[in-house]
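Going down the list, the sequences are from chains L and H.
Note that the first sequence ends on residue 331 in this note's numbering; no numbers are left out.
Note that the second sequence ends on residue 665 in this note's numbering; no numbers are left out.
Calculated from the structure, these hints are not laboratory results.
A couple of the hints might just be wrong.
Below 35 Å or equal to it, Euclidean Cα-Cα: the simulated DSBU-like pairs (lysine-lysine) are [claimed, not checked]:
| no. | chain 1 | residue 1 | chain 2 | residue 2 |
| --- | --- | --- | --- | --- |
| 1 | H | Lys457 | H | Lys35 |
| 2 | L | Lys49 | H | Lys606 |
| 3 | H | Lys457 | H | Lys437 |
| 4 | H | Lys423 | H | Lys437 |
| 5 | H | Lys437 | L | Lys49 |
| 6 | H | Lys383 | H | Lys640 |
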Amino acid sequence: MEQPALTLSHAQLADAVQRGERAALAQALNLLDDRRPQSRAIAAAFLRKLQNDQSSIRSHLIGMTGPPGAGKSTLTAALIDLWRQRNLRVGVLAVDPSSPISGGALLGDRLRMKTSADDDGVFIRSLACRGEFGGLSAEVWPMSLVMLAAFDVVMIETVGVGQREIDISRMCDTTCFVAQPGSGDSVQFLKAGILEVPHILVVNKEDMGAVARRTLSELGTALGRAHSDGNWEVPVLSASATAGTGIEELADALSRHRKILGAGDQLQAHRQGYQAQWILKRLQDEFGSHGIARLGGESALLQQLTEQSLSLFEQHETLRQILLQPGDQHA
Amino acid sequence: MSETAKRDRPWLMRTYSGHSSARASNELYRMNLSKGQTGLSVAFDLPTQTGYDSDHPLARGEVGKVGVPIDHIGDMEALFDKIPLDQMNTSMTINATAPWLLALYVAVAERQGVDPSQLQGTTQNDVLKEYLSRGTYIYPPGPSVRLTTDLITYTVENIPKWNPTNICSYHLQEAGATPTQELAYALSTATAILDAVRDSGQVPADRFAAVVGRISFFVNAGIRFVEETCKLRAFGAMWNKLAEERYGVSDEKQRRFRYGVQVNSLGLTESQPENNVQRIVLEMLAVTLSKNARARAIQLPAWNEALGLPRPWDQQWALRMQQVLALETDLLEYGDLFDGSPVVEAKVQELIEGAEAEIARVAEQGGMVQAIESGYVKRELVKSHTRRMRDIESGELKIVGVNCFTQTAESPLTGGSDSGIMKVDVQAEREQIAALKDFRARRDQSGVDAALENLRKAAANGDNIMPCSIACARAGVTTGEWSEVLREAFGEYRAPTGIDIAMAGQTGSAAMDEVREKVRRTGEELGRPLRLLIGKPGLDGHSNGAEQIAVKGRDAGFEIVYEGIRLTPSHIARAAQEEGAHLIGLSVLSGSHLELVEDIQSELKKIGATDVPLIIGGIIPEDDAQQLLSHGVQAVFTPKDVDMNVIMTDMVNIIRRNNGLEELA
Numbered sequence: 001m002e003q004p005a006l007t008l009s010h011a012q013l014a015d016a017v018q019r020g021e022r023a024a025l026a027q028a029l030n031l032l033d034d035r036r037p038q039s040r041a042i043a044a045a046f047l048r049k050l051q052n053d054q055s056s057i058r059s060h061l062i063g064m065t066g067p068p069g070a071g072k073s074t075l076t077a078a079l080i081d082l083w084r085q086r087n088l089r090v091g092v093l094a095v096d097p098s099s100p101i102s103g104g105a106l107l108g109d110r111l112r113m114k115t116s117a118d119d120d121g122v123f124i125r126s127l128a129c130r131g132e133f134g135g136l137s138a139e140v141w142p143m144s145l146v147m148l149a150a151f152d153v154v155m156i157e158t159v160g161v162g163q164r165e166i167d168i169s170r171m172c173d174t175t176c177f178v179a180q181p182g183s184g185d186s187v188q189f190l191k192a193g194i195l196e197v198p199h200i201l202v203v204n205k206e207d208m209g210a211v212a213r214r215t216l217s218e219l220g221t222a223l224g225r226a227h228s229d230g231n232w233e234v235p236v237l238s239a240s241a242t243a244g245t246g247i248e249e250l251a252d253a254l255s256r257h258r259k260i261l262g263a264g265d266q267l268q269a270h271r272q273g274y275q276a277q278w279i280l281k282r283l284q285d286e287f288g289s290h291g292i293a294r295l296g297g298e299s300a301l302l303q304q305l306t307e308q309s310l311s312l313f314e315q316h317e318t319l320r321q322i323l324l325q326p327g328d329q330h331a
Numbered sequence: 001m002s003e004t005a006k007r008d009r010p011w012l013m014r015t016y017s018g019h020s021s022a023r024a025s026n027e028l029y030r031m032n033l034s035k036g037q038t039g040l041s042v043a044f045d046l047p048t049q050t051g052y053d054s055d056h057p058l059a060r061g062e063v064g065k066v067g068v069p070i071d072h073i074g075d076m077e078a079l080f081d082k083i084p085l086d087q088m089n090t091s092m093t094i095n096a097t098a099p100w101l102l103a104l105y106v107a108v109a110e111r112q113g114v115d116p117s118q119l120q121g122t123t124q125n126d127v128l129k130e131y132l133s134r135g136t137y138i139y140p141p142g143p144s145v146r147l148t149t150d151l152i153t154y155t156v157e158n159i160p161k162w163n164p165t166n167i168c169s170y171h172l173q174e175a176g177a178t179p180t181q182e183l184a185y186a187l188s189t190a191t192a193i194l195d196a197v198r199d200s201g202q203v204p205a206d207r208f209a210a211v212v213g214r215i216s217f218f219v220n221a222g223i224r225f226v227e228e229t230c231k232l233r234a235f236g237a238m239w240n241k242l243a244e245e246r247y248g249v250s251d252e253k254q255r256r257f258r259y260g261v262q263v264n265s266l267g268l269t270e271s272q273p274e275n276n277v278q279r280i281v282l283e284m285l286a287v288t289l290s291k292n293a294r295a296r297a298i299q300l301p302a303w304n305e306a307l308g309l310p311r312p313w314d315q316q317w318a319l320r321m322q323q324v325l326a327l328e329t330d331l332l333e334y335g336d337l338f339d340g341s342p343v344v345e346a347k348v349q350e351l352i353e354g355a356e357a358e359i360a361r362v363a364e365q366g367g368m369v370q371a372i373e374s375g376y377v378k379r380e381l382v383k384s385h386t387r388r389m390r391d392i393e394s395g396e397l398k399i400v401g402v403n404c405f406t407q408t409a410e411s412p413l414t415g416g417s418d419s420g421i422m423k424v425d426v427q428a429e430r431e432q433i434a435a436l437k438d439f440r441a442r443r444d445q446s447g448v449d450a451a452l453e454n455l456r457k458a459a460a461n462g463d464n465i466m467p468c469s470i471a472c473a474r475a476g477v478t479t480g481e482w483s484e485v486l487r488e489a490f491g492e493y494r495a496p497t498g499i500d501i502a503m504a505g506q507t508g509s510a511a512m513d514e515v516r517e518k519v520r521r522t523g524e525e526l527g528r529p530l531r532l533l534i535g536k537p538g539l540d541g542h543s544n545g546a547e548q549i550a551v552k553g554r555d556a557g558f559e560i561v562y563e564g565i566r567l568t569p570s571h572i573a574r575a576a577q578e579e580g581a582h583l584i585g586l587s588v589l590s591g592s593h594l595e596l597v598e599d600i601q602s603e604l605k606k607i608g609a610t611d612v613p614l615i616i617g618g619i620i621p622e623d624d625a626q627q628l629l630s631h632g633v634q635a636v637f638t639p640k641d642v643d644m645n646v647i648m649t650d651m652v653n654i655i656r657r658n659n660g661l662e663e664l665a
């Protein structure tokens, strides 16, 4: 069988990624996407090197989600422009649905994120969800690690209302929910407590006028009954990607939230938590809750995972092997 | 009264033409007029249509290709040299930059000593359809509608015999529209524009009927000529009703459905291209047979359009078809042949009902502008076109020489040193750029700056754009400068691609299942699903091919990255790298494939991504195809390649070859 097309050693690749070299970044993302066992082994070594270097500790991982048509991509484009003016380098992972029939996908978000082609400070990678991982691509977390090593801001964009916000909010520093004016969905979800409350709510298309203002006030009211954790009060913002209004306020709110997450060990602990969540979720997808129970239950497993310093593929594979063994042994 | 005096006057006969330079096109126009053509139809090149000067980086390879380059008043003057504008009826296929080209036309008339109020002709000036087909839009829909209405309100008062807008259903049919969709979307567009004119407050209420009376249409006629005749009768009835009921036009003359025609290009074939002659003649019948729904102006494509650019002789042949019908046959001696026919009446009624239902769906969404912005209309068109392609593939829709009766003797028409098409002078672009630089150096810069400043103010404060544009034309402003000021004021737009339509269904054909298996298996062997980046480089906006490959590719299991039209070579190369594409598929129909491929290959080299193979589809002459293949392009697809399953299998095998895997049968 074909060898993985890697022209650099995994250590060289990790160094090149941290220098922000585009060809290396593309190669690293291809490697993480490659599910052949021999590629996975190289990927594991590569990620271990990357995580040991810990350069990703300074950057910010943002999840942007919301219903289709809310204008997430155009809002992302407006934020990219602003971040570039502030001299920040930006990486984007845009997740689109796959066809359940053919496995094929149309990845069209780049269209609305058109940036200057010659700007080395922006890198966009599209991902198809491939019918797994609750509508979030299973590659999204490993790829985030690569992006975090190379960029100041990394944005993950997904479509969804409901379950998917929960997934993404467990894997990002800051989750931003984009609401569509006039659509009551998000308000209903908030009221029912189905929607895990994101860190920032933004009503896009404020240029629509009254209908946008109504949604804004409904969200504010609904949120009043929802939680807010000790040192962060969830802001409800208004913006228009096309008119270019409210973008600075949104960017400022995002960076305010990033600041309270702290740096160094504090942030590192958060990130290890996301990784543990990723492994938990993949195991759940493959083995169900019974599998998790066999590993000692969710909270014990998460605890154990955050204390280890193996790469995520190694952790995941070790646990898989345990579950694949016949019999009823517990880990 | 003599026998001949009873005949109706023939329609205006034109040929859509222009190429290389203003001077070369002027020679062509004067030759065509001497052959009996009765009006002019100007084809502009893509930089002129999309608002770039000939020396702009995006214009590379496109200057003078699909039409004439017009950078400034000097070019426009040369284009109409020795053609007195007070005696000419000129149709200009121009949209996003329509106010600018009309301004140049007015300024040239002034220089010729012609009173602009005497000018006759048409500016296409229908940007809304550009978002759906053809793709030469620049600004977002809001400002585009404003420019359209500014031109309309200006000409109604100042150039009363001008047709300020030609609402186009032509290009909708090219993008796949059914007759019902053509009717619905063209009339919804006309409504959106007329409402905007009314709401702009630029026209007093008592002059509004005159505006309605100046609206004309540009229609397509396909090979199903009975249905097409009925479509045009339906257009007439629906327009009459709309003008009366919605806009209260009482004068019947001002409610008449006035239209020009170019017959269908979509159905012209590259295989056995001589068959296109009878297709064109039959399609012409559709728009002439019924006197009450007869075209005011006709232009016919040449038989060899699917091969490349037509030569003067090919265009002469197209003109002679019109002349034979109008002058030799007895068609113009009779009244309407179909009035009172129950068959025709029933078909017309069916089309009207279908169109009214679709118009209501558009209205529910807030109107045509909103239905375009949401991607609804584009998706509907892509769906229709996908259906058409599937029917051709399955043989349900017969195309002689393409999916049946494909055996042929060798054609004497496509031999010869030119392979039966025209070659554009490769020097033309360089000469145009040199002349442009010279023009800029010789003009009064302070006059130019002042004129542009006034344009900027008008764009911002909502004044009619025409007077200051005419002042710009006189002052020596260039096409790129005029467009750039408005780009800064209005921003640029990227239209929805419409490819996000539902899948064909669970059960594909056996051939489709086979392709899916090849795609899946190869993805597995390479460790990840196959990724295809579809790129439309350059200024060409004809996106049918790219859209159909995108939809089919998704259905076959590829992950498709497609960002729409008008991308730079550098953008495409970098996107291919960022997205980890296994293959880049380019689509180019403007004839600039050699330059664009060269540019993309050099960009790929620059960023270290030469390992991604490249294929191309488009109207690509055989000689050029050979040249592309010898320069490393892996495959060249042309309109001859109608079996998309074969194209998909070829793509899989190119990826396999590139990754050292053996090919699949």
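Now for the hints, and whether the structure bears them out:
The hinted pair formed by lysine 457 of chain H and lysine 35 of chain H fails the criterion: a straight-line CA distance of about 46 Å is larger than 35 Å. The hinted pair formed by lysine 49 of chain L and lysine 606 of chain H meets the criterion: a straight-line CA distance of about 28 Å does not exceed 35 Å. Proximity of lysine 457 of chain H to lysine 437 of chain H is assessed by CA-CA distance (about 27 Å); at most 35 Å being required, the pair is judged to hold. Of the pairs offered as hints, the one joining lysine 423 of chain H and lysine 437 of chain H holds, with about 26 Å between alpha carbons and a cut-off of 35 Å not exceeded.
Our distance criterion of 35 Å between C-alpha atoms is broken by lysine 437 of chain H and lysine 49 of chain L, whose separation comes to about 55 Å. Under the criterion of a C-alpha separation no larger than 35 Å, the hint pairing lysine 383 of chain H with lysine 640 of chain H is consistent with the structure, at around 22 Å.
Of the numbered hints listed earlier, those contradicted by the structure are 1 and 5.
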